[in-house]
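Protein chains in written order, with the numbering used here: chain A, 1 to 671; chain B, 672 to 1264.
Keep in mind that a hint or two might mislead.
To be verified - Straight-line alpha carbon distances no greater than 25 Å define the calculated DMTMM-like cross-link-like pairs of lysine to aspartate or glutamate that follow:
| hint | chain 1 | residue 1 | chain 2 | residue 2 |
| --- | --- | --- | --- | --- |
| 1 | B | K741 | A | D488 |
| 2 | A | K327 | B | E686 |
| 3 | B | K741 | B | D803 |
| 4 | A | K327 | B | E794 |
| 5 | A | K521 | B | E794 |
| 6 | B | K1087 | A | D463 |
| 7 | A | K327 | B | E795 |
| 8 | A | K327 | B | D1006 |
| 9 | B | K741 | A | D623 |
| 10 | A | K327 | B | E816 |
| 11 | A | K339 | B | E695 |
| 12 | B | K741 | A | D544 |
| 13 | A | K521 | B | E795 |
| 14 | A | K584 | A | D623 |
| 15 | A | K521 | B | D1005 |
| 16 | B | K741 | B | E693 |
| 17 | A | K339 | B | E693 |
| 18 | A | K206 | B | E817 |
As the list claims (entries may be wrong) - Not close to chain B: a few residues of chain A, all C-beta gaps over 10 Å, as computed:
| hint | residue |
| --- | --- |
| 19 | G281 |
| 20 | A304 |
| 21 | A326 |
| 22 | D483 |
| 23 | G511 |
| 24 | T545 |
Don't read these hints as lab results, they were simulated from the structure. Each residue gets a CB set at the ideal place from its N, CA and C atoms; glycine is no exception.
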Amino acid sequence: MNKSLRIGSPRELEAWRNLLTTNFDPNKTTITVCAGTGCRACGCKPVYRAFKEVIAKEGMAKEVELKATGCHGFCERGPLVVIRPSGIFYQRVKPADVKLIWDQTIIGGHTVKKLLYRDPATAEIIQQEVEIPFYKKQKRLIFEKNGYMDPFSIDDYIRLGGYESVVKALTTMQPEQIIEEVKRSGLRGRGGGGFLTGRKWASCRKAPGTPKYIICNADEGDPGAFMDRSLLEGNPHAVIEGMIIGAYAIGGSEGFVYVRNEYPLAVKTLNKALADCYECGLLGDNILGSGFSFDIEISRGGGAFVCGESTALMASLEGKVGEPRAKYIHTVEQGLWDKPSNLNNVETWANVPLIIEHGADWFASIGTEHSKGTKVFALTGKINNTGLVEVPMGITLREILYDIGGGVPGNKRFKAVQTGGPSGGTLIVETSQRDIHDSLVAHGDIREEEEARSLLDLPVDFDELTRAGSMMGSGGMIVMDEDSCMVDVARYFLSFLQEESCGKCIPCREGIAVMLEILNKISAGHGTLADIEQLELLSQGIIDTSLCQLGGSAPNPVLSTIRYFRQEYIAHVVDKTCPAGVCKELVSHAIDESCTGCHACVKPCPTNAIIGEPKQLHYIKQDDCIQCGACFQICRFDSIKRVKRGSGDALQEKARKLWQSGAGKKTPAAV
Amino acid sequence: MKSQNGDKQALVTIEIDGQKIEVEDGSYVLQAAQALGIEIPTLCYFPFTTPYAACRVCVVEARDGKGWSKVVTSCNYPAWDGLQILTDTPRVLNARRTNLELLMSRCAELPVLRNLAGKLGIEEPRWGTGEDSCILCGLCVRVCEEIVGASALTFASRGGARNVTTPFHEVSDDCILCGSCASVCPTGHIRLEDQDGKKVNLRELQLGPNSAITMPFRQAVPNVPYINTEHCIHFQTDNCGICAEVCPKECIDYEQKDSTEEFEVGAIVMATGFADFDPTPLKQYGYGALPNVISSIEFERMNNAAGSTGGKILMENGETPGRIGILHCVGSRDDDHHKYCSRVCCMYALKFAHLIKEKTGADVYQFYIDMRSFGKGYEEFYQRILDEGGNVIRGKGAEVVPASNKKKHEGHLIIKCEDTLIGRYREVPVDMVVLCTALEARADAKEMARKLNISTGADGWFIEQHPKLGPVQTATEGVFLAGTCQGAKDIPDTVAQGGAAAAQAMKLLCKGEIMMDATYAEIQEEYCSGCRICNDLCPYHAIEFNDEKCISVVNSALCKACGTCVAACPAGAITGRHFTDEQIYTQIEGMLA
């Protein structure tokens, strides 16, 4: 920020924006390097430094601008570099490629083909960012500015129209009008609950008592979800702007951003953004001369999952142990320090400036009947295009998973997708239509004679996901292929929740532990059909009486997997097999006749259970094998099979006979 | 949920199991149910702390009569107009059962849980049983924070690892050792730790609850309780205040202060009594270390119908003892402690034997050095006890040890002694041992003596003026002795001495004037330089300094004519009446002549 003047009025802000726009040359070549956490992990910093060196060396600092931006979302392909204004999109850029890009693209005006994105489906090389299928189907509203601005620069944000909504709200709208607008937009809380934001604001405004606190929940704890982090890292001003508007509408004077300490970059960008806002008068006393004053403070949390729950978060803000309390009296009436408190999620706040800027009708035109706007999902797991996607509500799972996500890698079969984090549910994606039909009929969602719609065609919004036995949650979306065992998945999420339960109330603390014990029993092959019934029964009790939503939704992973994959559970308890070959106690590893004798599996085996000379058939001593799966991972010929416990010897005997007869030996020759 | 905004004093009508009740808007459902006498089980509820809603066994079903219903915790669910509560629907009972069974998977064998399980019809919990003794109800944490105000306890860790502890598991400086956490703990998980092998002795001698509010004693006038400010939490942390909250007459006044009242009196009867010898140093008897070894005064209290056992003789485990040993001369007739005989033990020990026989039929064994039944009717009583079958063993108890499991003893304790009448070493198994502790002078006797210018003997008892001629008088005129402050004695002797002391005091008061010796010291004003040497020397504090005249003056009523000041006065200004220097010199001359 090259301006030390305080902005005292909307006119001055406008003047500043004009100055920035005048000085900005839209045709100037800009190299944007994605500097989100994902790309940082892939090594974007050396790339950025290399560009900087080249520019300095060539003395082109005036002609070429270099910008480190927030997350572009396509984390799978990081580090990402986009050349503007041409919009050329380079992916997986190494520092060594920088010189090439400089010479060919910046100077020469050509593209570097090997760095361009190649669509795996069509093998077509795509030059423009917007043309890439991953981005094409998305509707990037709250992430729009991410690729264009330096998160540490308030100038960039102002130039791109930032704080225009604050001006509009403070100068032309009454607080009630803003609330009405947000209500009409149909915006629902993006943190998981999906409560209507406008209605929440109205209750908080109405609640007696001062001061009123405005809280931003940035305690994103779901495994695999990172949209809040990316938003704070890439565009912290959008959140601040939303909070200012919210505070004005509700009548709040103090704000807190509760962000986990594991997000150091987000804390850094946020700190800088807040400092800038205070310096130019967008926060503090008498914002833009409107007479409205508002302060925001950062509070760093210790990373407990339960602190994402509103009452636990407030307890933590107060400096107490982060554990929830009953919400019979809502936090909008008695929240932080027993004062009216309005808590919204990062993404919710970031939506607010858009609604004010474009109007409720525009916002309401996006999405489905009861879920408006866009939603950011963190697409992770067994999917080709890992990353952040922002899509309009109502898009189908098929579009997200295939068109945007690019399907499952390695020719594996899609099995399921888990949404809503640990408290969410696992949705079946591909199985026989019959199974889905039966499950839906059993739960009364459709009648016997109706035809079940494949869940791949499920329009993704709050209500549809809930109806299907999952939830929106904060927007994690974990894709699983045929190698995932559903009992194991439920077990994983339960053990996460058991560790993260605050331990205050009995159903959550003891109930999850008991459920986990039963699941352990099942995955060890000691379960019975009664155990499955027991799980369902216990789930109901936990849902009914848990103190907070962490406990109340904890059984979801179990219930939803039982609902869609009951057969898999039955396989575990009746046949004592794990169809996906994951549950160690139920599988044996054995080598079949396709073994080439490459010897690669011998060394990694921790118990020396694999015996065999090079170019000879290998075999696994079943007594010594601990089913760690190291050989399975390393075998390049798919010769190591996971079979039902106890049937390993038979398979190996068969392979030995085939080898002896000469049939097996053909394989090594063929390779 | 319906809102409960607005005036908290507003009244609303709610319905619990069909019974209507009017309560304050926003007050909790559980309280209303209790007012109606409807029982709702609770584990983490305490009426004086904010409800915690962690145990989830107080759940009830809330309805609005229009189809909405929800399972809620009654301890913190606020009442609103038209609320309908059902406390025993299958859904509610099922939820309670599930949660209790889940809790029992952590800690099963606690009486508080077993009782509740019985009420809810749980025979064996479905999901196994655990052995933890803490149910994580958080009562201790909340009481320590909200009532005591010390915040010395907290929850640590999450999930299944959650536990109650002091910060960083270390002894907390914030703990004021009030014991509230232990007293509120429903399972006995928190205990006050014995220190230095000595049990924490509570009021009522380990037999009853400890409390900072107490009646001074049963017959106190006025018969009202008082607050022991040394132990009261309110006076330590400025918190608590539960007594003021529960007192319907608003009688609790924390502002009251101790005050010192001054009375002018003509005579003082000292009846300060004795102290009970603490038998802890006599390690061989195991007092404080072994169970069921108690002192005679504790046994006396146990026998009292107003005591905490209601007069029943019980062991610590609540059972009636079958054999009781009584050890005489604990601290008395002992070269290491008190050489004197405490005079009362033999007879009260015989009385104990009689009471025990009468109440429990237990065998009683007396271990004595000499049986001193010297008073009127005493020897006859001794004979009667022998006739009743009381065992008396002549020999001082040597040691009390716990009975070993190997030998199949009948009792829990073994008393070892030498039976001097048969000349044999004996081991007598018993269930309970009563120590006849010595009577000794009070620790503050010396201080009292100094205040009143009387003296104490080597044993600490106050010394009378003359053992035969002045048995209730003291060296100080107008100060009389009554009872055990003068020496160990039994009740008849005490009453007699008390009567005598009272009569002596009355004698003094009735006259309205006192007769004094003609001899006392006199200061000749013109010679006194006001050096005040005599002031401090006078053992009877009879000399005062007159500020106006700047000379010392003798109070002739206090002066005992000891002559100390006469000898000490550097100016020779003090003379003893009837003992002038001239008279003494003349006498000396006469003797030498």
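Taking the hints in turn, this is what the structure says about them:
1. Distance check on the hinted pair: K741 of chain B and D488 of chain A sit about 33 Å apart at the alpha-carbon level, beyond 25 Å; violated.
2. The suggested pairing of K327 of chain A with E686 of chain B holds, with an alpha-carbon distance near 22 Å, which does not exceed 25 Å.
3. A C-alpha spacing of about 32 Å is found between K741 of chain B and D803 of chain B, which places the hinted pair above 25 Å, so the restraint is violated.
4. Our distance criterion of 25 Å between C-alpha atoms is broken by K327 of chain A and E794 of chain B, whose separation comes to about 34 Å.
5. A C-alpha spacing of about 24 Å is found between K521 of chain A and E794 of chain B, which places the hinted pair at or below 25 Å, so the restraint holds.
6. About 83 Å separates the Cα atoms of K1087 of chain B and D463 of chain A, which puts this hinted pair outside 25 Å; it is violated.
7. Of the pairs offered as hints, the one joining K327 of chain A and E795 of chain B is violated, with about 34 Å between alpha carbons and a cut-off of 25 Å exceeded.
8. Proximity of K327 of chain A to D1006 of chain B is assessed by CA-CA distance (about 72 Å); at most 25 Å being required, the pair is judged violated.
9. For the hint pairing K741 of chain B with D623 of chain A, the CA-to-CA distance comes to about 54 Å; that exceeds 25 Å, so the pair is violated.
10. Restraint check: the Cα-Cα separation between K327 of chain A and E816 of chain B comes to about 22 Å, which is no more than 25 Å; the hinted pair holds.
11. With a C-alpha separation of about 22 Å, the suggested pair K339 of chain A and E695 of chain B falls inside the 25 Å cut-off, and the hint holds.
12. A hinted pair counts as satisfied when its Cα atoms are at most 25 Å apart, and K741 of chain B with D544 of chain A qualifies at roughly 8 Å.
13. Distance hint between K521 of chain A and E795 of chain B is fulfilled; the C-alpha atoms sit about 20 Å from each other, no more than 25 Å.
14. This hinted pair checks out: K584 of chain A and D623 of chain A have alpha carbons roughly 14 Å apart, not beyond 25 Å.
15. At roughly 70 Å between alpha-carbon atoms, K521 of chain A and D1005 of chain B are farther apart than 25 Å, so this suggested pair is violated.
16. For the hint pairing K741 of chain B with E693 of chain B, the CA-to-CA distance comes to about 21 Å; that is within 25 Å, so the pair holds.
17. Distance check on the hinted pair: K339 of chain A and E693 of chain B sit about 28 Å apart at the alpha-carbon level, beyond 25 Å; violated.
18. A C-alpha spacing of about 31 Å is found between K206 of chain A and E817 of chain B, which places the hinted pair above 25 Å, so the restraint is violated.
19. Distance check on G281 of chain A: its Cβ is at least 36 Å (rounded) from any Cβ of chain B, clearing the 10 Å threshold; non-interface status holds.
20. Against chain B, the non-interface label of A304 of chain A is violated: not every CB pair exceeds 10 Å, the least being about 7 Å.
21. Here A326 of chain A does not stay apart from chain B, with its beta-carbon only about 5 Å from theirs, under the 10 Å limit.
22. For D483 of chain A, the condition that its CB be more than 10 Å from all CB atoms of chain B holds, with the nearest at approximately 29 Å.
23. Distance check for G511 of chain A against chain B: the nearest CB is about 5 Å away, which does not clear 10 Å, and the non-interface claim fails.
24. Not every Cβ of chain B is farther than 10 Å from the Cβ of T545 of chain A; the closest lies at roughly 5 Å, contradicting the non-interface assignment.
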